[in-house]
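**Student:** Following the hints, complete the assembly by docking chain B onto the known chain A.
Sequences listed follow chains A and B, in order. Residue numbers 1 to 321, in my numbering, belong to the letters of the first sequence in order. Residue numbers 1001 to 1444, in my numbering, belong to the letters of the second sequence in order.
Please note that a few of the clues may not be correct.
Derived pair list, reagent style PhoX-like, types lysine-lysine, alpha-carbon separation capped at 25 angstroms [stated by the list, open to error]:
#, chain 1, residue 1, chain 2, residue 2
1, A, K76, B, K1143
2, A, K76, B, K1438
3, A, K76, B, K1108
4, B, K1284, B, K1166
5, B, K1337, B, K1110
6, B, K1337, A, K76
7, A, K76, B, K1335
8, B, K1072, B, K1110
9, B, K1372, B, K1120
10, B, K1143, B, K1056
11, B, K1066, B, K1056
12, B, K1110, A, K76
13, B, K1143, B, K1372
14, B, K1430, B, K1110
15, B, K1066, B, K1372
16, B, K1335, B, K1196
17, B, K1121, B, K1282
18, B, K1441, B, K1108
Just so you have them, the derived chain A footprint on chain B, three or more residues with Cβ under 8 angstroms [as the list claims (entries may be wrong)]:
#, region
19, 1237-1251
20, 1260-1273
21, 1400-1408
What the hints contain is simulated information worked out from the structure, not anything from laboratory work. Glycine included, each C-beta is placed from N, C-alpha and C at the ideal position.
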Amino acid sequence: MAVDEPTAHDARPDPTGPGARRRRRRRGGGRAPGDPRNIGWLYVLPGLAFYVLFTLAPLLHTVYYSLFDWDGLTGKTWIGLSNYSEALRDEVLRDAFVHSAILIVYYAVFPVIIGLLLTAALTRTVIRGFRFFRTTLFLPQLIAGVVIAQAWTWIYATDGPLNRALELVGLGSLVRPWLGDFTWALPSIGAIGTWVTFGLCMVLFVAGVQKIPTSLYDAARVDGAGPVREFFAVTLPGLRDEILDAFVLTTINALRSFDIVYNTTAGGPGGETLVPSMYMYQNAFLYNRVGYAAAIATVLAITIFVLAGIVLRIGSRGERT
Amino acid sequence: MKSRLLGVFVLSAVVLLAIAVGASNAGKKASPITLTMWSYDNQDPGLQPVLQQLSKDFERSHPGVKINIVFKAFPDLVGTVPRALASGSGPDVTEGNQGYQTDAQLVKAKLIIPLTKYVKKYRWDRLYAPSTWGMFRWTPDGKSFGKGPVWGIAQTGQNVVAFYNKRKLREVGLNPNRMPRTFAGFDRLLAQLRAKLPDGEPVIEHGNNEGYGFIHLFGGIQGAYVNAQSVRNWIYHVPGSRYDTPGTIRALAKLQQWGKAGYFNDDYNALEYDASATEFAKGKGVFWIGGDWDSTIIKTGLGGANVGVMPVPPGPSGRWTSVGGLSGPWHISAKTKYPDLGAEWLNYVITSQRAKTQMFSQQQIPADRRTKAPSGDPYLAQVTKAFQLVANDDGLLLYTDWASPSMYTTLQNQFQLLLAGRQTPAGMAKAVQDDWEKFDKTLR
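With the rest of the complex left out, here is chain B:
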């Protein structure tokens, strides 16, 4: 009995000791230097192979440095990164997400450092238009968005555009080379298509399973009815900004009308965003309105020559707008031992010629506004042109879900209710504004 008792003790002690030793060893991999990066740009084809290749290049030019780049799904990364950074064993460099849900938290909790020093050192200020930098600016208390120091930097441009299947347009007797240049014309085209297409065939193939599908798609409509700056101001919580304006309510009514008229595939709520791009690439629907980061998926399926790319055309103002901005903001952890090395890596994957070639090879548009698209790729030229049309009109609307921590869920639910006819346009506008105001109070 006694010896068995002793055995249990010894065994427990050994196990505990082993755990303790293992834990302390894990924290002590001092040489060579390992930098851990977290990214949710896990699309392949897309940015994942770009980041992997560039990290390998960086290791080669920096002997003794190992880049450990970890890819996670978007919700998995933003759901865990604040606590991972706070724990001290998180990434050295990571993507966050613009807006109050993630970046405001990281700034407020002092988990990331301002990049002011590196903006100066690497002349990053030349990368984007001054208004574009707003999405990386926060006051150090994490309360005011769009002003204060710069805390992040991004790799690619993001633009929600309309992709169209040229062959399908021709099949119903329309000329794909003469697309409408106004929203009213675009709206008429959709109605025309609905009449000409068979019943089961959607005009617009759409995927809203994750809830951001309609947040993106709606931007093209909203931009035709309201001024782009007013949308950005609302996201930045500029006092007096409102969502429940007559323009936005009319835009919501237009979206609801599209839904009622049967423009979308009826399984949009069950279909994932990227999966709907794949369906479109297989020939479903005439339009797919979504992020240009999925343009490779579409090119692979339909072939570059059969696809047209344009932003949803502008309203009476004539200024092109679309939901978009720059890709996820890269941050440097406040707890990393190698902030300078992290900044050097960022500079390499964002500004180097090698990085740009790599991005273009995956049909990604570098965020650096001075970049010229390589000649000889008409499809890529279209995607680039669509981004520059909007960027030059200062029409990037950013993402409305940045406006409060709960805005993503609110918009997700409200759009689903609106499209199902269970919510009125005015009712939705009010619900969204209520969420904004509830959060706005905590900022004052």
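Extracted from the complex, chain A is given alone in its bound form:
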């Protein structure tokens, strides 16, 4: 089986550490059975099998479906790339992507900034109960999206705590049904995203700071750097990898966001909070247009790949200079 699999191994870096003798032998092609390098494949086999079965295969299947006019139940009709040309012309889908772009600001940019500020505060001073704060701020990550959506629906309700608080501080003029308001529904959903994500960013950054050598901080302090200078000269560059990771994770989250939207506004009012994943759901499960939904899913997946690629590329360029 996989143990004797002869191809595809040679290009793989050897995880057990390079050895000159082994490398020579590999070039020769001969390999003793049970050679340690091949065992690695067996170890990844269960994971790989699941990955292929439950991620890769459905992904390819989706691309395949996107080439058909199909209601999900009865016969499929091959229509080539028609679904994609429709997607390019579809104004509803375009609006949905614009909404997603706005959500990226709330799901990715704000959390990273807040995460950095908190990290700067947490690392600079010793805070009593630090673990407690870290855990509490990270907690939203562990709660199911449906629960979060329900909780925020209450918070945003006309007679909910947010409006009550505004009234208390004399800002009664700002009281509004946040999720039902044409202007405020999307920012309100975005704010939920910020709340969910900034804890994750903070935990990533706080962990990252710990691997920055304290000697750098000492050096900065000896050179007379204040907290702001220190942050920009030492902390920020030291966290570059974590910031990139955070951006990739949160951007993907923003583009995939479905549960929060579905359970708060379902895309309303008047389509103001429709996002691509919601539109894909509507096409697949409500409009009986599985082929078109698959095309939307594919476009969304490509968008995510490209954006993640761009973020990572920006990162690697920084590394070289």
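**Tutor:** Only chain B this time, still in chain A's reference frame:
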């Protein structure tokens, strides 16, 4: 190293085997017979306790039969039932939804069976008026709605009516026992109320969060301006039907005017339909215009004696209309092993006296038109009378969102835009008609 390797193998094999065995066992619960039913009538108080009780009764009279009734939220059920039926491990009997989004699919994909045989056997034809049966009829290709064999049968009547808070009317000096009998009079009453009520208090408490609130509420206005049959024809895709008629556009303008005049609570888009009924039951607003299936919620809050029930009064034609029809259509799966038993259960929960008593106890109106409301419950009598007023005038408008798979979303968005002043009545009528025509082309 080698033994560990072997261990991994053995472990994987055991796990896989266990999964395989588990899967095949799950499909083989042969005796006793289990029938799985799916329903979205999950309101409690409402139909959920009725169906649960009746299923228990049915089990008692049918030893060896187990009824496994599963309740789901409406969008969850209609979103999954076609694929569940197609998979073969879905329900034996299930609710679908009238219209092109769900039922047309189930018929076209041959996932459900026609009920012709059972209509004859149990004399179901006597249950509803002939025109009412249209909502269960499809040609076998799923293209023509309103004709062809019968594929479904429903348990209760559904009627969108105006509930009014009698105490509030009295407080502003109006007589709740002399309500207007014409739409023009109703419209004047609303304007009067707006002038008399304090600013923050809505005339009509409303919930449109899910998007169907205004689809329901608008029917009362539309029915005053256009003929009921023309609305049904449009839903059934009778050639030449139109939504962008002068009557409908004037009705849309009237709704927009109600919104501009501040008749509704300003959080209607954020508030769920049933939640708005609860708010009304707590004393918010003078009117709540919505489904009579929520009448228990309202009775519980305000007390039956303080609530009046009537359909939105008719226009110049004098014929009562309202959005409504019958509750969700029950279907029998084409893959069930026990279609006859499924039909017997349906017959029991829909036509038996026990079923009707149970339904009335939850303020639900049995769909069987021969049913008499129990005496001694004036509130229930009002709800029943409101339904029969409309049904006898052949005024049930059905639901406009049945007209195409995407019509629900289109109407949801357009009503929200219209009420926010971001869409004109004529613009909305055109957008809705465009959706209809786009889908109509696929039927020809």
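**Student:** Evaluate each hint against the coordinates.
**Tutor:** Comparing the hints with the structure gives:
Note on K76 (chain A) and K1143 (chain B): the hinted pairing holds, with a Cα-Cα distance of about 17 angstroms set against a maximum of 25 angstroms. Proposed proximity of K76 (chain A) and K1438 (chain B) is supported: the alpha carbons are some 20 angstroms apart, at most 25 angstroms. Note on K76 (chain A) and K1108 (chain B): the hinted pairing holds, with a Cα-Cα distance of about 13 angstroms set against a maximum of 25 angstroms. Note on K1284 (chain B) and K1166 (chain B): the hinted pairing holds, with a Cα-Cα distance of about 12 angstroms set against a maximum of 25 angstroms.
For the suggested pair K1337 (chain B) and K1110 (chain B), the alpha carbons sit about 15 angstroms apart, so the restraint of at most 25 angstroms is met. As the CA atoms of K1337 (chain B) and K76 (chain A) are separated by approximately 28 angstroms, the hinted pair breaks the 25 angstroms bound. With a C-alpha separation of about 22 angstroms, the suggested pairing of K76 (chain A) with K1335 (chain B) holds against the 25 angstroms cut-off. Between the alpha carbons of K1072 (chain B) and K1110 (chain B) the distance comes to roughly 23 angstroms, so the proposed pair stays at or under 25 angstroms and holds.
For the hint linking K1372 (chain B) to K1120 (chain B), the alpha-carbon distance of about 24 angstroms falls within 25 angstroms, and the restraint holds. For the proposed pair K1143 (chain B) and K1056 (chain B), the alpha carbon gap of about 38 angstroms is over 25 angstroms, so the pair is violated. A threshold of 25 angstroms between alpha carbons decides the hint, and for K1066 (chain B) with K1056 (chain B) the separation of about 9 angstroms falls inside it, so the pair holds. For the suggested pair K1110 (chain B) and K76 (chain A), the alpha carbons sit about 15 angstroms apart, so the restraint of at most 25 angstroms is met.
The suggested pairing of K1143 (chain B) with K1372 (chain B) is violated, with an alpha-carbon distance near 37 angstroms, which exceeds 25 angstroms. This hinted pair does not check out: K1430 (chain B) and K1110 (chain B) have alpha carbons roughly 34 angstroms apart, beyond 25 angstroms. Distance hint between K1066 (chain B) and K1372 (chain B) is unfulfilled; the C-alpha atoms sit about 31 angstroms from each other, more than 25 angstroms. Proximity of K1335 (chain B) to K1196 (chain B) is assessed by CA-CA distance (about 60 angstroms); at most 25 angstroms being required, the pair is judged violated.
Note on K1121 (chain B) and K1282 (chain B): the hinted pairing is violated, with a Cα-Cα distance of about 47 angstroms set against a maximum of 25 angstroms. A distance of roughly 17 angstroms separates the Cα atoms of K1441 (chain B) and K1108 (chain B); the hinted pair therefore holds under the 25 angstroms criterion. Proximity of the region 1237-1251 of chain B to chain A, defined as three or more residues with a beta carbon under 8 angstroms from a beta carbon of that chain, is not established by the 0 residues found. Coverage of a stretch by a chain is defined here by at least three residues with a beta carbon nearer than 8 angstroms to that chain's beta carbons; for the region 1260-1273 of chain B and chain A the count is 7, and the condition holds.
Interface restraint, the region 1400-1408 of chain B with chain A: holds (3 residues with C-beta to C-beta distance below 8 angstroms; minimum three).
Hint check: violations occur at hints 6, 10, 13, 14, 15, 16, 17 and 19; the rest are consistent with the structure.
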